[in-house]
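Using the hints provided, position chain L relative to the given structure of chain W.
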Amino acid sequence: MSTEHPPALLAEGVQKHFGLLRALDGSSFAARRGEVTALLGPNGAGKTTMISCATGLLQPDGGSVRVLGEDPWRASAAQRARVGVMIQDGGLTSGISAMRLLRYGASLHTDPLDVDEVAAHLGIDEFAGTIVRRLSGGQRQRLALALAIIGRPELVFLDEPTAGMDPGIRRTVRELIRALARTGTAVVLTTHLMDDVEGLADHVVVIAGGRTVASGTVAEVIASHRASNGLTLTATASGLSAEAARSLEEDVRALGARHRVDLRVSTGGAADLEGVLLDLMDGSRPGAPETEESSR
Amino acid sequence: MSTTDAVQAPRGSGPAPLARRVLAHAALETRILLSNGEQLMVAILMPALVLLALRYVPLGRLEGIAPIDTAVAATAATALISTAFTSQAIQTGFDRRGGVLRWIATTPLGRGGYLAGKILATLAVQLVQILVLGALALALGWRPELAGLLGAVPVWLLGTVAFGSLGLLIAGTLRTEAVLALTNVLFILLVALGGVTIPVAHYPRFARAIVDLLPSGALGELMRACLAGGAFSAGSAIVLALWAMLGSLAVARWFRWTSV
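Taken in order, these protein sequences are the chains called W and L.
With numbering that gives the first Met the number 0, letter number 66 in the first sequence gets 65, and the count goes up by one each step, no holes.
With numbering that gives the first Met the number 0, letter number 129 in the second sequence gets 128, and the count goes up by one each step, no holes.
Next comes chain W alone, as it looks inside the complex (with noise of 0.2 Å):
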């Protein structure tokens, strides 16, 4: 993990409205080279705007955005060239097979990797001859990874990367990403799935209503939320009546009030990081209370 060089991404204040609609309202967060940073947030929240102001696909209305030290909006060639995109929608030309499409993106770059190793690695060669708009959401998937990193990159970004895989190819993939993080490149990443998160991500940027709500290392991230959240103690208790519930309940506020403590009974809480990243979601919205305990 490399601290001492200046981050490969830092987006600050980053605003981005489309029309009234504000996609971004002041997101911050940065990308460290050597580092998986996972942006995540329910559909809607920014990330994929997010995405697109640092890819140089829109410009921020507010904020600014350095990639690798430059405005992403006014990129050179070869500054596109140190930057590889895997983007949601795939992307891939669809009238040309596999193989072909990859060869072309290969050929855009001075030294890029070897085609046919990235190929039999990620298993295209499987359905190297297949034209594009034949193949499966997967094999999709895999070739528009292949064409992000086939021009050896310096920052990644990878816009749900094992979404539609089965779990041996999404292992090959993690494996890859892994990869790339150890030789210093820095990967962004969004997924909605927290395995992948928990397993690759060094940082988590937690984007919700266009605003950054929360980022740190997975760790980090769950017990900023409880801290936040008070001191949370679990208890389960089960077949129980409801007056014996109730009982309990009685008791257990007067323990409470014995050790002059502000006591909320909840019938659930965040333990995890789906559950953290439900309740900042719940939280940023207008409105909303700042934790969703329920309190009798």
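Incorrect hints may have been included.
Quick partial rundown of chain W residues pointing at chain L, CB under 10 Å, derived from the structure [as the list claims (entries may be wrong)]: (1) Gly89; (2) Ser93; (3) Asp110; (4) Ile149; (5) Ala162; (6) Pro166; (7) Gly167.
Not the full set, but computed from the structure, chain W residues with beta-carbon under 8 Å of chain L [stated by the list, open to error]: (8) Ala29; (9) Leu56; (10) Gln58; (11) Gly61; (12) Gly62; (13) Ser63; (14) Ala76; (15) Val84; (16) Tyr103; (17) Thr109.
I should point out that these hints are in silico values taken from the structure, not numbers from a laboratory.
In this text, a Cβ means the ideal position worked out from N, Cα and C, and glycines have one as well.
Positioned in the frame of chain W, the structure of chain L alone reads:
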């Protein structure tokens, strides 16, 4: 060495030279256009039918000019519109919907390289059209004059810019389904009624002013001037140049790289 090992090699890949990138994209687009049956039908079959029809049906002829010459002039204009306008608009529209334009814009090729490659691909397909349709015309008795052929080259290039930009404008502003429908309908209308197959002089007086101002009318008249001994019209050249200029400006202003 596995890919996992390979990615651990030192970074250092830069963009390929501009010419190589553009040529790679032109080759890709040409291959796609020539391997698509529907596009081939529009690019080769339709102009061939125009050639055969005008050769044998007394339509669109000029007094004192061999029917094969007026047929070739109309066929050349039809072929140009089919590739520069219809085929490219449809291909670009589908690329836009599929996110291809978004991805391309992030690669070393970039937007300018994409457009340059597309223009070269259009010219390459047009070369194939010229060879195939020219051979058919020769078989039907066409005996071209060198001066006329040379005169047709700048007209061809200007027409390609005009119709190519109009095709891109439609592809870059409308939904793919609308692009597909509109470009096919416009192709048929322009060829049949827009001054391509029938010389402007044959139209009723009220329609002439309109057809004269259409890019298809201007292209048809200029092709007939070069390939069928018709009178050269400076007005047609100005009209076609204006369409080329306005079309290019409109593309620069309104073309959207993302889908609607």
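Q. Where does the structure disagree with the numbered hints, that is, which hint numbers, in rising order?
A. Numbers 5, 6, 7, 8, 10, 11, 12, 13 - these are the hints that the structure violates, sorted from lowest upward.
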